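K.L.:
Residue numbers (this note's numbering), protein chains in the order written: chain X, 1 to 396; chain Z, 1001 to 1063.
Quick caveat, the hints were computed from the structure, so don't treat them as lab data. Since this is a predicted model, take the numbers as computed values, not measurements. The C-beta atom is built at its ideal place from N, Cα and C for all residues, glycine as well. There may be inaccurate statements among the hints.
[Said to hold, decoys possible] Selected chain Z positions facing chain X (Cβ under 10 Å, derived; list incomplete): (1) A1005; (2) G1014; (3) C1016; (4) P1021; (5) Q1022; (6) D1025; (7) L1036; (8) Q1037; (9) V1040; (10) E1043; (11) E1045; (12) N1053; (13) P1056.
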Amino acid sequence: MSDLTLPMVRQRPLDPPDKIDELRHQAHMHRMTYADGHVGWLVTGYAAARAVLADPRFSNRPEKMHPPLPGRMELLRRQGFKPQPGLFLRTDPPEHTRYRRLLTGQFTVRRMKALEPRIAEITEECLDAMEAAGPPADLVQAFALPIPSLVICELLGVPYEDRARFQEDARVLFNLEAGLEEALAAIGSTMAYLRDLIGRKRKEPGDDLLSGLVEGGELDDEELTGVGFLLLIAGHETTANMLGLGTYALLANPGQLALLRADPSLADNAVEELLRYLTIIHLGPLRSAEEDVEIEGNLIRAGETVTLSLPAANRDPARFPGGDTLDLTRPATGHLTFGHGIHQCLGQQLARAEMRLAYPALLRRLPGLRLAVTPEEVPMRSDMSIYGVHRLPVTW
Amino acid sequence: MEIKADTTVCIGAGMCALTAPQLFDQSEDEGTVLVLQREVPAELEDTVRRAVNLCPSGAISAS
Chain X
1 MSDLTLPMVR
11 QRPLDPPDKI
21 DELRHQAHMH
31 RMTYADGHVG
41 WLVTGYAAAR
51 AVLADPRFSN
61 RPEKMHPPLP
71 GRMELLRRQG
81 FKPQPGLFLR
91 TDPPEHTRYR
101 RLLTGQFTVR
111 RMKALEPRIA
121 EITEECLDAM
131 EAAGPPADLV
141 QAFALPIPSL
151 VICELLGVPY
161 EDRARFQEDA
171 RVLFNLEAGL
181 EEALAAIGST
191 MAYLRDLIGR
201 KRKEPGDDLL
211 SGLVEGGELD
221 DEELTGVGFL
231 LLIAGHETTA
241 NMLGLGTYAL
251 LANPGQLALL
261 RADPSLADNA
271 VEELLRYLTI
281 IHLGPLRSAE
291 EDVEIEGNLI
301 RAGETVTLSL
311 PAANRDPARF
321 PGGDTLDLTR
331 PATGHLTFGH
341 GIHQCLGQQL
351 ARAEMRLAYP
361 ALLRRLPGLR
371 LAVTPEEVPM
381 RSDMSIYGVH
391 RLPVTW
Chain Z
1001 MEIKADTTVC
1011 IGAGMCALTA
1021 PQLFDQSEDE
1031 GTVLVLQREV
1041 PAELEDTVRR
1051 AVNLCPSGAI
1061 SAS
C-alpha cells in the first residue's frame, strides 16, 4: 500500500509542488492512493508519461477512472453520471476517431495561420482598451481572458455578448473545490445555452464552425451540443491562463523578458518554452489500463488508474537538461503540455497562434509593464485543474 | 531518406506541417497529413526526424 496522495499546491508559484519535485528526482513512476482508496500510479518521468499517452491499451473513459482527488469526480462516478454525447475528449476509438475527424480540418496549421490577422486585430483592440482605462489593470480581465475568448467565440459562431454566462460556468467547472450541485448547474447552464444556439444555427446558419457542423449533417443536436461545449470551455481557460501566468513568469525573469522584447522573432520558441516550463495542466491527464501493461519495468495491472504529472514530465532532466530554468532560447518542442497520442490537443495550433501574437504585442505596446503588487500577492490557481493566476494586477 | 504516411491513424495534430512545412501539409477537409515531397533532401533529414518524433499518433515515419 502507498500513503502518497496527489499534491496540488505549488509552494513556489512557477515550479511543480515540492512533493512532486522530490518524487520526480527519485523515480519516474510511483504508487499513489486515490480518493476512493484505489492504489494506482503517478507518473513523473517524461518517457514513461509519453509511453502511456501513446499506448492504445489505456482508456480515457471517465467511468473507468478512479478519482485522484476527493470531490465531485468521485460523486459523479458513484451516481453513474453519463457524459453528454459529443464530449469526445473522454472517449476511446472508434467513437473518438469519428468526432475528431469531423473537426481536425478546422484546426490545421494553415487555417490557424489564416486567422492571424484577425487575432492580431483582437489583441490590439484589447491593448487599446487597457491603455485607455489604465494604468493599473488586471491583466487577466483586460488581456489574457478576452483574447482567447473572443477568438473561440468568433471561430465557433458564439455571440461574444453572451460570454459572462459561459466564462462563469468555465470557472466553476475548473474549480476543484466547487461542489457537485454547483458543477452540475454550470454544465447544465452552458449545455442549455448551446442547445438553443444550435437550434438557431439550424434555422439561420452563418459562416462559422458550429454552423458548418450543423449543415454537415453528421451529428445530431445532442452531439453538436457536446462538441460545442468541449470547444467553448476548452478554448476559454487554457490559453487565458498561459497568457496570464506566462506574463507573470516573464516579469519574474526580466532577462528573458528583455530577450523577447528585443527580438520578437523569438516568439515561436518563447511560446514553446513557456508551455513547457509552466505546464498549466496540473491535474492529470488520467488513463485507465485496459489490460496489464509494462512501462519501464513497472507492471500496471488492468483496471488501474494512472495520473500523469505533466509539470514533472516536462522538467525531466533526461529530456530537458536544466529544465527548472526558463530559457526562451532552449529547443523546447516535444513537451507534453498539449498531451501526446490520439487525444493531443485539437486546438494547439490556435493556442500557439494566439500566444505568438499576444506576448510580443503586449511587450511592444507597454514597455514599462510591471506588477502593481508584490509577486507574493498575486493569487495563484492551485485550486483549479488549469493552473495560472486568478488576477494579475499590473501597471506601466 | 523517404517519408511514409498513414492517414488512417493520423489525428491531424499538425506537428509535421508546423515542423517541416516544406514537406508536409494537411488536407482541407479532414486535416490529415499530406506529404508534399516523399524524398527527403539531405539537409532536411534532421528536421524530418524531429517531425516523426513529434507526431502524436505515429502516422509518419522516415527511413
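K.L.:
Now look at each hint and say whether the structure bears it out.
P.N.:
Hints and how they fare:
| no. | hint | in the structure |
| --- | --- | --- |
| 1 | A1005 | 15 Å, violated |
| 2 | G1014 | 4 Å, holds |
| 3 | C1016 | 9 Å, holds |
| 4 | P1021 | 7 Å, holds |
| 5 | Q1022 | 13 Å, violated |
| 6 | D1025 | 7 Å, holds |
| 7 | L1036 | 12 Å, violated |
| 8 | Q1037 | 17 Å, violated |
| 9 | V1040 | 19 Å, violated |
| 10 | E1043 | 18 Å, violated |
| 11 | E1045 | 17 Å, violated |
| 12 | N1053 | 7 Å, holds |
| 13 | P1056 | 4 Å, holds |
Of the numbered hints given earlier, the model fails hints 1, 5, 7, 8, 9, 10 and 11; all others are met.
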